Amino acid sequence: MGDIRSHRRTADDYAKAFADLEPPLSRKAAIVEASRCLFCYDAPCVEACPTSIDIPRFIRGIQTDNVRGAAMTILDANILGGTCARVCPTEILCEGSCVRLDQDHEPVMIGALQRYATDYLFERGEQPFTRAPATGRKVAVVGAGPAGLACAHHLARLGHDVVIFEKKPKGGGLNEYGIATYKMTNDFAQREVDFLLSLGGIEIRHGVVLGMDVHVADLAEQYDAVFLGIGMGGTNALRIEGEELDGVMNAVVFIESLRQAADKGELPIGRDVVVIGGGNTAIDMATQAKRLGAENVTIVYRRGVEHMGATGYEQEVAQTNGVKIQLWAAPVRILGDGGRVAGIEFEYTRLDERGTLALTGERFVLPADQVFKAVGQNLVAADLNGSAERLAMAGSKIAVDTDRRTSMPRVWAGGDATGLDQDLTVVAVEDGKIAARSIHSFLAGN
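The sequence shown lines up with residues 17 to 462 when you count with my numbering.
A couple of the hints might just be wrong.
Only pairs whose alpha carbons sit at most 30 angstroms apart, straight line, appear in this in silico BS3-like list of lysine-lysine [as the list claims (entries may be wrong)]:
id, residue 1, residue 2
1, Lys413, Lys199
2, Lys413, Lys32
3, Lys306, Lys340
4, Lys183, Lys199
5, Lys32, Lys44
Computed spacing ranges between beta-carbons, pair by pair [as the list claims (entries may be wrong)]:
id, residue 1, residue 2, range
6, Ser51, Glu237, 54 to 64 angstroms
7, Arg147, Ala374, 54 to 64 angstroms
8, Val269, Gly411, 20 to 30 angstroms
The set of hints was computed from the structure by calculation and includes no laboratory data.
None of these values were measured; they are calculated from a predicted model.
Ideal Cβ placement from N, Cα and C applies to all residues, glycine included.
Use the sequences and the hints to build the structure in full.
Dropping the structure here:
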């Protein structure tokens, strides 16, 4: 990709482009914002939070300057509350349910207040949790993403020892490798992992691949229980002509490279970039391409704005960064020149009388020297090698019950690979908590 690699900006430009999207609240601003909370008895914001954080209680702590207590309330319910404060779609969860939204059209800034409280605790390097007496039980957790980390931390607090098997060199999962850099700055994902591990009783073994180095059935025999938080390691293909051309990339792969890059100016970025997809990954990819120096960035989605997986807020972020969003168009082929991508042809789409997506026959071409695919991820079958026949599946995902138990004895699962709910960090954390409680009950003989 040499012809599109270019240092188009200075180091200061890159630093500004990938600084915090939303700066943290000051102490004064946090106290003022906390005073707007009505402290509802049957708070709808709590009902809207997948991890059921006692939001009025932690906001009361900020209002009374008991920030440590506020952080404890958050982290007791959601150990990754610092990340969730930064990346949760609060506009459709807690803030979207805030009573203030109906009264004065401005909800309490719950996400910003949550970040203020958790940052306060992390900056002091304090570990507020303690472990229960050792139980002598050992649990294997596969995947150091949000679901696995939450499960491990909860089990460790209950006195169990946990070994996490992780294929990548760092823990954190998508928090470390898959979220837009401007949402998670200053190596926050690793600081959060370090905080979680400082509780004790949790060991992470890196470079271990499920289905190759370890197998689910073997872990179930060697450990008292197993939790699978393996996520969605594969990426969907467009399955169109030209997909193999140089310059066509998976968005998740590029975002991972961007998050790990010491020098963002070394990353290959085109002048005319097209991103295929309508979810948060597409938004993150497009916005970051623009901030890296791409001149023209267009997101193309096959349906309407109301069908996009990305929230209205995320769409606004992209558009305010200069990204164009083209709706009702599906890619039909990628055009090449000398083995490199030169453009991409689309066909307009519509919904027919049955509500099914249909092609109209009318086509257009967008120039492109780089195309990013953000059309979803999938469970890698090889990860379950040797165990798939014993794990019941729900479609393409692992089937679990309400306690996150799988069909295999002593094996639980959660997070994106189970797909019980939205693919959100906060949902994965709750899956890990629910599974940990169920595992603890099982180990206690209940």
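| request: Starting from the hint 20 to 30 angstroms, judge whether the C-beta atoms of Val269 and Gly411 obey it. | output: holds, 25 angstroms
| query | Within 30 angstroms, alpha carbon to alpha carbon, are Lys32 and Lys44? | reply | Within the cut-off at roughly 25 angstroms; holds.
| message | Need the status of pair Lys413, Lys199: alpha-carbon distance at most 30 angstroms? | response | holds, 28 angstroms
| message | Between the alpha carbons of Lys306 and Lys340, is the straight-line distance 30 angstroms or under? | response | holds, 11 angstroms
| Ser51 versus Glu237 beta-carbon gap, inside 54 to 64 angstroms or not | holds, 56 angstroms
| field | Satisfaction of the hinted span 54 to 64 angstroms by the C-beta atoms belonging to Arg147 and Ala374 | value | holds, 58 angstroms
| request: Please work out if Lys413 and Lys32 have their alpha carbons no farther apart than 30 angstroms. | output: Not satisfied, since the Cα-Cα distance of roughly 40 angstroms exceeds 30 angstroms.
| field | 30 angstroms Cα cutoff - pair Lys183, Lys199 | value | This hinted pair holds, its Cα atoms lying about 24 angstroms apart.
Of the hints listed earlier, the one the structure fails to meet is number 2.
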